[in-house]
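Student: Sequence:
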Amino acid sequence: MSAVDPLQDSRTNPLPGPNNKNPYLQGLYAPVTEESTCVDLKVTGEIPKDLCGSYLRNGPNPLNTPVGMHHWFDGDGMMHGVYLENGKAEYRNRYVRSADFIDDANGQCPVAGVMEPATMKREPKVYKDTANTDVILHNGELMALWYISGNPVRLDPRTLDTLREENFGGALPRHVSAHSKTDPRTGEFLFFDYALYEPWMSCGVVNADNELTGFQTVELPGPRLPHDMAFTENYFVLHDLPVVFTEQALRQRQWSIEIANQPTRFGVVPRKCKGEVRWFETDPCYIYHVINAWEEGDEIVMLGCKMVPNPHANGAAFGPYRAMVEVLALNAIPSEWRMNLKTGKCTTRDLDDAIGEFPSINLGVSGQPNRYAYVQAIAKTDTLKFEGFYRYDFQQGNKTSYFYEPGMCGSEVAFAPRIGATEEDDGYVVGLCSHEGTGESEFRIWDARAIDKGPLARVHLPVRVPAGFHATWADAHDW
Numbered sequence: 005m006s007a008v009d010p011l012q013d014s015r016t017n018p019l020p021g022p023n024n025k026n027p028y029l030q031g032l033y034a035p036v037t038e039e040s041t042c043v044d045l046k047v048t049g050e051i052p053k054d055l056c057g058s059y060l061r062n063g064p065n066p067l068n069t070p071v072g073m074h075h076w077f078d079g080d081g082m083m084h085g086v087y088l089e090n091g092k093a094e095y096r097n098r099y100v101r102s103a104d105f106i107d108d109a110n111g112q113c114p115v116a117g118v119m120e121p122a123t124m125k126r127e128p129k130v131y132k133d134t135a136n137t138d139v140i141l142h143n144g145e146l147m148a149l150w151y152i153s154g155n156p157v158r159l160d161p162r163t164l165d166t167l168r169e170e171n172f173g174g175a176l177p178r179h180v181s182a183h184s185k186t187d188p189r190t191g192e193f194l195f196f197d198y199a200l201y202e203p204w205m206s207c208g209v210v211n212a213d214n215e216l217t218g219f220q221t222v223e224l225p226g227p228r229l230p231h232d233m234a235f236t237e238n239y240f241v242l243h244d245l246p247v248v249f250t251e252q253a254l255r256q257r258q259w260s261i262e263i264a265n266q267p268t269r270f271g272v273v274p275r276k277c278k279g280e281v282r283w284f285e286t287d288p289c290y291i292y293h294v295i296n297a298w299e300e301g302d303e304i305v306m307l308g309c310k311m312v313p314n315p316h317a318n319g320a321a322f323g324p325y326r327a328m329v330e331v332l333a334l335n336a337i338p339s340e341w342r343m344n345l346k347t348g349k350c351t352t353r354d355l356d357d358a359i360g361e362f363p364s365i366n367l368g369v370s371g372q373p374n375r376y377a378y379v380q381a382i383a384k385t386d387t388l389k390f391e392g393f394y395r396y397d398f399q400q401g402n403k404t405s406y407f408y409e410p411g412m413c414g415s416e417v418a419f420a421p422r423i424g425a426t427e428e429d430d431g432y433v434v435g436l437c438s439h440e441g442t443g444e445s446e447f448r449i450w451d452a453r454a455i456d457k458g459p460l461a462r463v464h465l466p467v468r469v470p471a472g473f474h475a476t477w478a479d480a481h482d483w
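Residues in the sequence shown are numbered consecutively from 5, following my numbering.
Source of the hints: derived by calculation from the structure; they are not laboratory data.
Do not rely on the hints blindly, as some may be mistaken.
[Stated by the list, open to error] In silico lysine-lysine, DSBU-like type, Cα no more than 35 Å apart, as pairs:
id, residue 1, residue 2
1, 46, 457
2, 457, 384
3, 278, 349
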C-alpha cells in the first residue's frame with residue numbers, strides 16, 4: 005500500500021455533471037476507495053502507556069461516484085478507528101453497511117439525496133439513510149446514527165464490521181436521530197426522532213440490556229429540523245428551533261427548509277417518558293450541537309454552540325452548490341441556557357466570542373455538571389475546516405488553544421481518560437487530522453491539561469482520512 009491513498013477522481017479528474025463545482029467531493033473531502041487495516045504504525049513521540057482504547061469517527065464517503073446533485077451529508081457512512089494498546093497503534097476503516105448501502109452496492113435503485121428532485125425518491129423512503137453522522141457506544145457495541153433520523157446500525161467496536169440494523173427487539177416505534185446519547189451512569193440510551201409526518205417528534209429510552217423501556221410522542225405545531233438534544237439525571241431537553249420544513253417539503257417529501265419567525269423553545273420531558281412536556285421560550289437561534297446539560301437547584305443548565313451571523317459565508321464561486329456551501333459555513337459561539345422549573349423562565353448568556361463548533365467533553369460527566377469542554381476552532385474559509393481546537397474551563401472562565409500547522413485540518417477531537425483517572429480532565433485529547441494539499445493523515449494525542457504545548461504523540465497513517473463528522477472514545481474494556 006502506498007504511503008498516501010491516491011486522491012483519485014476528485015483531485016485528478018473532473019467530476020461528472022454539476023459536481024465539478026462541488027467542493028465537498030474534492031481535496032480534503034474526497035472519498036477514499038479502500039477499506040484498510042494498518043497495524044504497528046509509525047509514531048513520532050510516545051503513546052502514553054496509561055492510554056488504552058479507541059478513537060472512532062464517522063463521516064460521509066460515497067461508495068459510487070455521484071452523478072446528480074450531491075450534498076456532503078449524502079455520502080455513505082464510513083467509520084474510522086484508531087486503536088491504542090501497550091504504546092502501539094493500529095488503524096482501520098469500514099463502510100457502515102446500512103440497508104440502503106447494501107441496495108446501492110447490489111445495483112438496486114438508489115434513494116435520492118437531499119439535493120435531488122422528489123421524482124428520484126423511492127417510497128416509503130424519503131432520503132437515503134446513510135448512518136454517516138454520529139457514533140455512540142451502547143450495550144458493548146457501536147451505533148452509527150443519521151442526522152435525518154433513520155435506523156441505527158450496530159458495529160463491532162473492535163473490527164468495525166457491521167452487525168445489524170437495530171430495532172431493539174422489534175420494539176422501536178419509529179426512527180432514531182443522530183446525537184441521541186448514552187447515560188454513562190445508567191447505561192441507558194436516550195434517543196429522539198423527528199419526521200416529515202405526524203407525530204413530528206418523539207423520544208424514548210433503551211436500558212443497558214437493549215430493551216425499550218419508555219417512549220413518548222411530542223406535540224409540535226409542525227415539522228421541525230432539530231439537530232441535537234440534551235439530557236440530565238431526570239429529563240430530556242428537546243429542541244424546537246426556528247428552522248422548519250416548508251409546505252413543498254410536506255407535499256413532495258423533499259428537502260426544503262426556511263427560517264420561521266418564532267422563538268426558540270426547549271421541551272423538558274421526564275426521562276420515564278410519562279408526563280407533560282414543559283416548554284421554555286428564548287430568543288430565536290439555531291443550535292447544531294449541545295455541549296452538556298445538568299440539573300442545578302430549580303434549574304436545568306444547558307451548554308451549547310449558538311449559531312450567529314457569518315459575514316464570511318460566500319458560496320458564489322460554487323454555482324449550484326452555493327446554498328450548501330453557505331449553510332455549512334458554521335459560525336457559532338459557546339452559550340449557556342438556564343431553564344427554571346419553578347418560574348418557567350429561560351435565560352441565556354454567551355460564554356465566549358470565539359467561533360467554534362463540534363464540541364466534546366469527558367463523556368463520563370454527561371448529564372452532570374462539567375467544567376471542561378473541547379471545541380473545534382473553525383477556519384474562515386469557504387468550506388468547513390477545523391484549524392485547531394479550544395479547551396474551555398467554564399469554572400475559571402478561560403480557554404487555551406491549539407492550532408494545526410498550515411494546510412493541516414482536524415477532525416472532531418475526543419476526550420480519553422487515562423487509566424485510573426479520578427478527575428474530569430485527567431487524561432488526553434485525541435483526534436485525526438489530514439493535510440489538504442498532500443493528503444497525509446495523522447492521529448494526534450495531547451495532554452488534556454496542556455493542549456497548547458502540542459501533541460505528545462503523532463501516529464502516522466499510511467492512508468488518507470477524509471474530513472468527516474462526529475467522533476467518540478471507547479475504553480479498551482468496551483471492545
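Student: Looking at the structure, which of the earlier hints fail to hold?
Tutor: none
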